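Q: Keeping their order, the protein sequence lines are chains A and B.
Going by our numbering, the first residue of the first sequence is number -4, and it counts up by one from there.
Going by our numbering, the first residue of the second sequence is number -4, and it counts up by one from there.
The hints are simulated quantities; they were obtained by calculation from the structure and are not laboratory data.
Certain hints may be false.
[Claimed, not checked] With the Cβ distance kept under 10 Å, some of the chain B side facing chain A (calculated, not the full set): (1) Leu114; (2) Leu245; (3) Ser283.
In this text, all values refer to a predicted model and were calculated from it rather than measured experimentally.
Positions of the beta carbon are idealized from the N, C-alpha and C atoms, including for glycine.
Number of protein chains: 2
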Amino acid sequence: MSELPEPTGEHPRSPLRSVAVVGTGLIGTSVALALTAQGVTTYLLDQDPAVARTAEALGAGIAGRPDRPVDLAVLAVPPSRIVEALAQQQAAGLAHSFTDVASVKLPPQRAAVAAGCDLGRYVGGHPMAGRERSGPLAATADLFHGRTWVLTPSVRTGPRTLHLATELIRLCGAELVTMSADLHDRTVALTSHTPHVLASLMAGRLTRPEAGQLRLSGQGLRDVTRVALGDPQLWTDILRSNAGAVASELREVADDLAVAVAALEWLDDPDPAQQRRGAAELHTILASGVAGRSRLPELAGAAASGGQPPPSAPFRPARGPARARP
Amino acid sequence: MSELPEPTGEHPRSPLRSVAVVGTGLIGTSVALALTAQGVTTYLLDQDPAVARTAEALGAGIAGRPDRPVDLAVLAVPPSRIVEALAQQQAAGLAHSFTDVASVKLPPQRAAVAAGCDLGRYVGGHPMAGRERSGPLAATADLFHGRTWVLTPSVRTGPRTLHLATELIRLCGAELVTMSADLHDRTVALTSHTPHVLASLMAGRLTRPEAGQLRLSGQGLRDVTRVALGDPQLWTDILRSNAGAVASELREVADDLAVAVAALEWLDDPDPAQQRRGAAELHTILASGVAGRSRLPELAGAAASGGQPPPSAPFRPARGPARARP
Chain A
-4 MSELPEPTGE HPRSPLRSVA VVGTGLIGTS VALALTAQGV TTYLLDQDPA VARTAEALGA
56 GIAGRPDRPV DLAVLAVPPS RIVEALAQQQ AAGLAHSFTD VASVKLPPQR AAVAAGCDLG
116 RYVGGHPMAG RERSGPLAAT ADLFHGRTWV LTPSVRTGPR TLHLATELIR LCGAELVTMS
176 ADLHDRTVAL TSHTPHVLAS LMAGRLTRPE AGQLRLSGQG LRDVTRVALG DPQLWTDILR
236 SNAGAVASEL REVADDLAVA VAALEWLDDP DPAQQRRGAA ELHTILASGV AGRSRLPELA
296 GAAASGGQPP PSAPFRPARG PARARP
Chain B
-4 MSELPEPTGE HPRSPLRSVA VVGTGLIGTS VALALTAQGV TTYLLDQDPA VARTAEALGA
56 GIAGRPDRPV DLAVLAVPPS RIVEALAQQQ AAGLAHSFTD VASVKLPPQR AAVAAGCDLG
116 RYVGGHPMAG RERSGPLAAT ADLFHGRTWV LTPSVRTGPR TLHLATELIR LCGAELVTMS
176 ADLHDRTVAL TSHTPHVLAS LMAGRLTRPE AGQLRLSGQG LRDVTRVALG DPQLWTDILR
236 SNAGAVASEL REVADDLAVA VAALEWLDDP DPAQQRRGAA ELHTILASGV AGRSRLPELA
296 GAAASGGQPP PSAPFRPARG PARARP
């Protein structure tokens, strides 16, 4: 599977020789499994030492703190705890450089500034991978294979930190995308948080009908609502951290929804002219949906065959490389 | 696979000995394949005789009209053409009894009354199965296996017609659900048409961002928007035929969406009391989504293993068997 030469132990080719993973849940343990498989010495830390030992038992690395600073620490803790962990572990000298895996990037970057963290040794990260299950037992070494992994360097991020985080992504088999923290957060509001809320609203309406009526549901309804099974507390935290951008997206969805309702009301009107107007409007909405959905690239690993990995060149938005001032 | 004894040809156990399928697209040809496999003599009619011959070449039956009336005709034509086909084929004496497979049931029932059709020999039907692909080449004999198939008898539907349609469903391996045409249409507005419009609205928003931003999309977005790939013309027709019920559902979704937007705006407020209020409101929405999604039964055939077929007893709404007056 790997494109890398076998690691030699004494003379690894990678500049990333040692990593500490803080938080050995699904994502942290999957990172650790991938790195250990590539010959990187990986330490496993968790606020619950038993969870870190579980990850160790799975072959993810060594449970416990390293004796001296590692090259890179990966903070795989919940979004609300990242800056606390960053400040604490920078003060304790856990690693030369730090990155995280939170699904929002601007709030931790801002909070890190406010907390007096060393921003030169931190770069925000967000691997676009996950599973329905959580915890170390759900972790797999290939979780990130072919998936997008975003880095959101600030103007203060140092080159060595960016280099080490880039190497982390390469060793995990993921594809690097670089953008500003602000653009990242507006983008995931569109691609992740808004669909989650819509799926939850749709799924919430299924609490009302009789059970027999629900037998009139097919694969389509199941697909549309699948993500609504996500943990409400975790998703409240995620949406809280990006609330402004998600609210903005959803207000626009509400505008579009009002147009769709009007189109359907025209279709339900006895006047043929109104019906034609409604049909044209609805067709436009549906055709726009086809066009938008067709833009999504094939997701690596989503199918046993036929899946195309995304192109390997890092994405840079047209307005130029990230220069957001934290 | 089949629970039926081998058909003997001369003494079949089923009261359904001959069927005419009108419209040999995906659904019609799949019905014909299933019936032919069960030993039912099946005739294949299509406005394009070449399409009927394609179905014949696939082993679905005999292309062309029967010499004398068959037991049951299955009208597998687009929703807008059902009543025309019903009136025409009843006048031509194609079959003793008639059913259809359209995804809405009240409009054809009403139009059949207006067109002077024999309602005693007609029962509306809707198999809950389909594929992304269309046409006879996409057809399979097991398309309906374990799936729900709704019948919507009116007060005028005769017992022999209902019996023959029930037998059709059994021979196709599907599970019968009986309800009024009105309840059917309100139910599919909820379980099929509303999720389709929401998916299209979400997918339509993907026409705007840069291609690189779309690399920040995962399986969740793909699932939520998959049905939006459906043919806009077909779906305009489907939604037109149930426009009032769908508009009503979507107006309620719009109300729920406004609550979600308010919750996110509170979460984005600097006031901690507002934030707590927003978090509580959002958690309620997300938890309701989990509860609703969890009510959906496993879909037969959706997974290679672990799929549970729905219970076999026909569903009757609490308010009693269908007695809708057409």
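Q: Taking the hints in turn, state whether each one holds.
A: Against the structure, the hints:
1. Leu114: violated, 23 Å
2. Leu245: With a minimum Cβ separation of about 5 Å from chain A (threshold 10 Å), the hint on Leu245 (chain B) holds.
3. Ser283: holds, 4 Å
Going down the numbered hints, you'll see the structure goes against just number 1.
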